[in-house]
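Asks: Protein chains in written order, with my numbering: chain A, 3 to 477; chain B, 663 to 824.
Calculated from the structure, these hints are not laboratory results. Some clues are possibly wrong.
Stretch-level coverage of chain A by chain B, calculated; a stretch enters the list once three of its residues show a Cβ under 8 Å from a Cβ in chain B [stated by the list, open to error]:
(1) 58 to 66
(2) 171 to 179
(3) 460 to 472
Small disclaimer: the values here were computed from a predicted structure and weren't measured. Even for Gly, the Cβ is constructed at its ideal location relative to N, Cα and C.
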Amino acid sequence: MNKKGAGMREIKSHPILHFDRGGQVEFSFEGKRITAYQSETVAMALYRNGINVFSESSKLHRPRGMFCAIGKCSSCMMRVNGVPNVRTCILPVRSNMQVERQHGLGEKPSGVVHFLSPVEREETVTIIGGGPAGLSAAIVFAENGVKPLVIEQNPLLGGQLIKQTHKFFGSKNEGAGIRGIKIAKEMIQKVENLGIPTLARSSAFGFYPETDTLGVFKENQYIKVHSNYYLFATGAAERMIPFEGNDLPGVFGAGAAQTMMNIFGIKPGNRVLMVGAGNVGLIISYQLLQAGVEVAGVVEAAPRIGGYFVHAAKLRRFGVPILTSTTIKRAIGVARVEKAVTVSLDDKFNEIPNSEKEWGIDTVCLSTGLIPSVTLLAQAGCKMKYSPYLSGYVPIRNKNLMTTKENIFIAGDVSGVEEASTAILEGQLAAYSILKKMGKDAALQIDETRSELEKLRSGPFGTKILKGLEEVQYE
Amino acid sequence: MSDYLKTGYLNTSDLEFPDESVVKQHFVAVTECVQEIPCNPCVESCPVDAIKMEGINGVPHVDFKKCIGCGNCVAVCPGLAMFLVNIKEGKGRVSLPYEMLPLPNKGDTVNLLGRKGKIVGAGTVISIRQIEKDTTSSIITVEFDDPSLIKVVRNVGVIRNE
Ligand SMILES: Cc1cc2nc3c(=O)[nH]c(=O)nc-3n(C[C@H](O)[C@H](O)[C@H](O)COP(=O)(O)OP(=O)(O)OC[C@H]3O[C@@H](n4cnc5c(N)ncnc54)[C@H](O)[C@@H]3O)c2cc1C
Ligand code: SF4
Ligand code: SF4
Ligand code: FES
Chain A
3 MNKKGAGMRE
13 IKSHPILHFD
23 RGGQVEFSFE
33 GKRITAYQSE
43 TVAMALYRNG
53 INVFSESSKL
63 HRPRGMFCAI
73 GKCSSCMMRV
83 NGVPNVRTCI
93 LPVRSNMQVE
103 RQHGLGEKPS
113 GVVHFLSPVE
123 REETVTIIGG
133 GPAGLSAAIV
143 FAENGVKPLV
153 IEQNPLLGGQ
163 LIKQTHKFFG
173 SKNEGAGIRG
183 IKIAKEMIQK
193 VENLGIPTLA
203 RSSAFGFYPE
213 TDTLGVFKEN
223 QYIKVHSNYY
233 LFATGAAERM
243 IPFEGNDLPG
253 VFGAGAAQTM
263 MNIFGIKPGN
273 RVLMVGAGNV
283 GLIISYQLLQ
293 AGVEVAGVVE
303 AAPRIGGYFV
313 HAAKLRRFGV
323 PILTSTTIKR
333 AIGVARVEKA
343 VTVSLDDKFN
353 EIPNSEKEWG
363 IDTVCLSTGL
373 IPSVTLLAQA
383 GCKMKYSPYL
393 SGYVPIRNKN
403 LMTTKENIFI
413 AGDVSGVEEA
423 STAILEGQLA
433 AYSILKKMGK
443 DAALQIDETR
453 SELEKLRSGP
463 FGTKILKGLE
473 EVQYE
Chain B
663 MSDYLKTGYL
673 NTSDLEFPDE
683 SVVKQHFVAV
693 TECVQEIPCN
703 PCVESCPVDA
713 IKMEGINGVP
723 HVDFKKCIGC
733 GNCVAVCPGL
743 AMFLVNIKEG
753 KGRVSLPYEM
763 LPLPNKGDTV
773 NLLGRKGKIV
783 GAGTVISIRQ
793 IEKDTTSSII
803 TVEFDDPSLI
813 KVVRNVGVIR
823 NE
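With these hints in hand, go ahead and build the complete structure from the sequences.
Replies: Structure follows, in structure tokens:
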């Protein structure tokens, strides 16, 4: 690896993970040679080589970098081989690619660009999203004699689960005490063993209700999918919060930091301020420590830590402060975050005068909540409803996860942000419901899965979800 | 109980501790899991049924008389909220889960850290037990002179020789 810069952000040793980075390839970034690992995406290779700025905003020409790192926010769009607006965080590197920063909205491709002619596919069941919800559904289908098509926009299957290096909570049935990465590996293995067809690196981008067609784009080909049933398991995206400088490179969704360090073995920064003390913020802060990154502190606007206390305690005993009733006010820097300012809040969430605090940090991670990724469902004409308990607009559904359209089902975080154990169970439930609709005998499995879900949701952390479900369930 | 969701740590007075007579016989598990969360692998892991919990959302309670100090619950707990304590020949000993690098070596002097990460003394690593075959996640046992620290020491700081 070229020594300068490249090694700077690379994680050399990790207590939990071994990074299998593969061989090296070279590509060009604005005329410079960049050495990348074969397993990397373009954005990761650039970032590991010390490049923070990927584009410039259209009006104010502000520098932009990565934000979500999982293909959901479009903040990493660059010009690749002459084509603008390519999301580089999910684009695998290829040797001799030509990558350039994009200025503004991007001009029409200049050179000749080859798009393959569109193809059409007829399917029985199509699952959009290869996270724990989508994969658990796919396994149920295959085990019951139906081969579904799984569409996943990332190069890797497994969704959020492939970066959860911590041991899971719950009970034995849901893999408690086992690390999320291991649960994911087992599911992916099963999907492969069962010979379930998967289209990776394929984004579903439109649903046309007139013809019940799903539009998918795979690399440079348009695929029209016609399917009897659709199961949307598209997960959730990270919520951005408004503050001055929130678009500076170095402000990441916490999940992006997790993708960088736990999938690609790249340190998101040297010293991090975490915003939000829910489970995601607490867990990722701890994982930053494991990656050898300093965590300057965690701030939380609410007066109490929202995540599990045990996760907070793990951080505190490494000396990481957690400041409740505090929020971020400003991120400061030229081409990257160099400082941040936080402020204390009173019990009505108003800023307390003269309570600002400056932090010398190079990275801000936002873990201020997730929003269900429902756009395709809205486009499909499924009725939606807003539920704060489920983290945003979600499709109205019956107890068996059927939306207001008879051939469209949902499972996992897209139906309301919860956790992997429930996403897995919801995936199974949705699959059994579809199987039943197809005339298979699945009534018993439906009841069993529903009672498992009820058990998990019976505690204080489940109350919120149950309230939300009351608001959005019909029948 | 203290307002642990405001601060992120518990006070010693918030917790149940075994009698000194029990702690002087062998290692005994103590739990710092005080919030109702859907989790129970500690209960399932105990070979002598020493951990009681009401439903999966209940809080674990260790029956100090039953516990044989095997450490299964420390190894499995996803919240890293189980510890073992013991007093032997007047010295305090704590076994704690550790998932960071570098790992200390047996015989090393380490900083003893409390629940806020502050140094509360120095101790010697007397054993390291790796708990998973493909990670460095381990149970570290430290020994120290002041036995009253068994209620306080919940982490160690590895001293790096630069
Ligand atoms: C830091 C952190 C810690 C967590 N800890 C725990 C824990 O301890 N226990 C627990 O149970 N849960 C935990 N979770 C939650 C858990 O990971 C998620 O709830 C779970 O992954 C949700 O599964 P899902 O399948 O619904 O969504 P996801 O895992 O998000 O998967 C959705 C998939 O759909 C794909 N996709 C989305 N849109 C499209 C499209 N248009 N076209 C093609 N593909 C698309 C995405 O790329 C993604 O792979 C944690 C989450 C985080 C972030
Ligand atoms: S140390 Fe062993 S015996 Fe004691 S509570 Fe834990 S699992 Fe049970
Ligand atoms: S395994 Fe750990 S986190 Fe889970 S209930 Fe037991 S002590 Fe609490
Ligand atoms: S889409 Fe690539 S960073 Fe969000």
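Asks: Checking each numbered hint in turn, tell me which of them this model violates, lowest number first.
Replies: Failing hint: just 1.
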